[in-house]
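Those protein sequences? They're chains A and B, same order as listed.
All residue numbers for the first sequence refer to this note's numbering, where the first residue is 5 and numbers rise by one.
All residue numbers for the second sequence refer to this note's numbering, where the first residue is 5 and numbers rise by one.
In short, the hints are calculated from the structure, not lab data.
Any given hint could be a false lead.
What the hints assert, rightly or not - Each computed DSSO-like pair below joins lysine-lysine, with the alpha-carbon atoms no more than 27 Å apart:
id, chain 1, residue 1, chain 2, residue 2
1, B, 60, A, 119
2, B, 46, A, 142
3, A, 119, B, 46
4, A, 120, B, 120
Here the structure is a predicted model, which means the values were calculated and not measured.
2 protein chains.
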Amino acid sequence: MKVALLGPEGTYTHQAAEKYFQDLEPEFCSTIEEVFKSDVDKKLVPIENSLGGGVKDTIDLLRQREEKISAEVKLPIRHALISGEEEISDVKTVRSHPQALSQCREFIEEHDLEKKEESSTAAAVENLESGEAALASKVAAEVNEEVHILDENVQDDDSNVTRFFVLNGETSEGEKTSLILEPGEDRPGLLGSMLSCFSGHGINLAHIQSRPTREGLGEYYFYVEAETGRGENLDKAKKCLETYAEVRDLGTYMEDDSQ
Amino acid sequence: MKVALLGPEGTYTHQAAEKYFQDLEPEFCSTIEEVFKSDVDKKLVPIENSLGGGVKDTIDLLRQREEKISAEVKLPIRHALISGEEEISDVKTVRSHPQALSQCREFIEEHDLEKKEESSTAAAVENLESGEAALASKVAAEVNEEVHILDENVQDDDSNVTRFFVLNGETSEGEKTSLILEPGEDRPGLLGSMLSCFSGHGINLAHIQSRPTREGLGEYYFYVEAETGRGENLDKAKKCLETYAEVRDLGTYMEDDSQ
């Protein structure tokens, strides 16, 4: 099955896609925006990392475009230090995606490395120069013969997990629903009133992110994930929310409990 | 006055510092983390951009460290396209800080440019190669003789404003207070209950961000900015919040209305 996702070969998104799809034919894109704009119907995008937080590009593009979330995939993230150098003491600079750099903050400080940001962990391996190392998946080291693994599991925390969404797949019964809430105006207590639509109908929020509407400082929209089936309670909560904000339903999906 | 801030010369943080401090002696640091760890007592850090959203590194470091916010500074952001090339048609790649790249998304798409991420807008100018351009302040072009300005005001939106915080300056009366709320546990309706501590005491929230605690997927702390003086209502709201979460007061400061 053809699936658009963030490349190149060996990214964590690639690993997550191999975990979820039985017969994966990956269409590698160079940015999350290209994934959303790809002609390939099915897509896989990162939504949140347990250390770095929400993935802003994905949240903004879910708001702008008409894709439907059909499944959640969780992948434990294990970064390796990959280099052409023989010793870690010869490494002065570390290249990686900003999220991976932020996930290995303690390791980078301990070895006093300079950080260089790359568009993906796999691109960091491709762009390595002398005296440099990359933070990436072990798979990314196997693609390139000139480099090897200097150290494994260098992330700050082994609870490092990234969540991905499958877009436009088969819809099924689900436990979680993602919504975009656009209040349009700001007034005291508005967010609290909106949240009472969830608690008042017995629905727990698993996740909330405020994001700028790009229309001026202090104007926000909200991305929320509610723990609910697609039942009567969700419909009532949505009716309640519509009295405060424009509501977009991004889809209902099963929680990934596979870890 | 010595102030630690994000360098090199010509960054927007540098411009904001020149706007606020009369007798600025800048101590340029290469990351926001270095600014926080600098021996220089007074610091200036970006907290939010109207297009890109909250600055994650600053929010996480405000939580981790013991700095006090003493003032807010707002700076309108105007990006120039800076290059050694003569014509925009000779430019294939654009380098800049991820926030600036996200703020010029429409311009980058229109000219079909490849994006390369840099640690600062000023570093993007320094690292320019043939066929490339940087998105940075006009001031950053003046520092380097080999480049010139190909286009001005290329940001998607003229409402592009960045807010900065002055840390450890003179404390004074203020209208806004920043707090870190750490619930420690998750339960249905908890965020709504915390927000009712503000609305119940007549305090409006200007800003709220959820950030991962780095202790596992789905565990968050909250950064909030409340519109209030340092009066009795704030004390009552904090007592109410303390029944739900650990509360850290990051300081009270005046809103910057200078634009």
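Hint check:
Taking the CA atoms of residue 60 of chain B and residue 119 of chain A, the gap is about 17 Å. The hint holds against a cut of 27 Å. Pair hint residue 46 of chain B plus residue 142 of chain A does not hold up; C-alpha atoms about 42 Å apart against a cutoff of 27 Å. Of the supplied pair hints, the one linking residue 119 of chain A and residue 46 of chain B holds, its CA atoms being roughly 25 Å apart against a limit of 27 Å. Between residue 120 of chain A and residue 120 of chain B the CA atoms are separated by roughly 11 Å; this keeps the pair inside 27 Å, and the hint holds.
Checked against the numbered hints above, the structure violates only hint 2.
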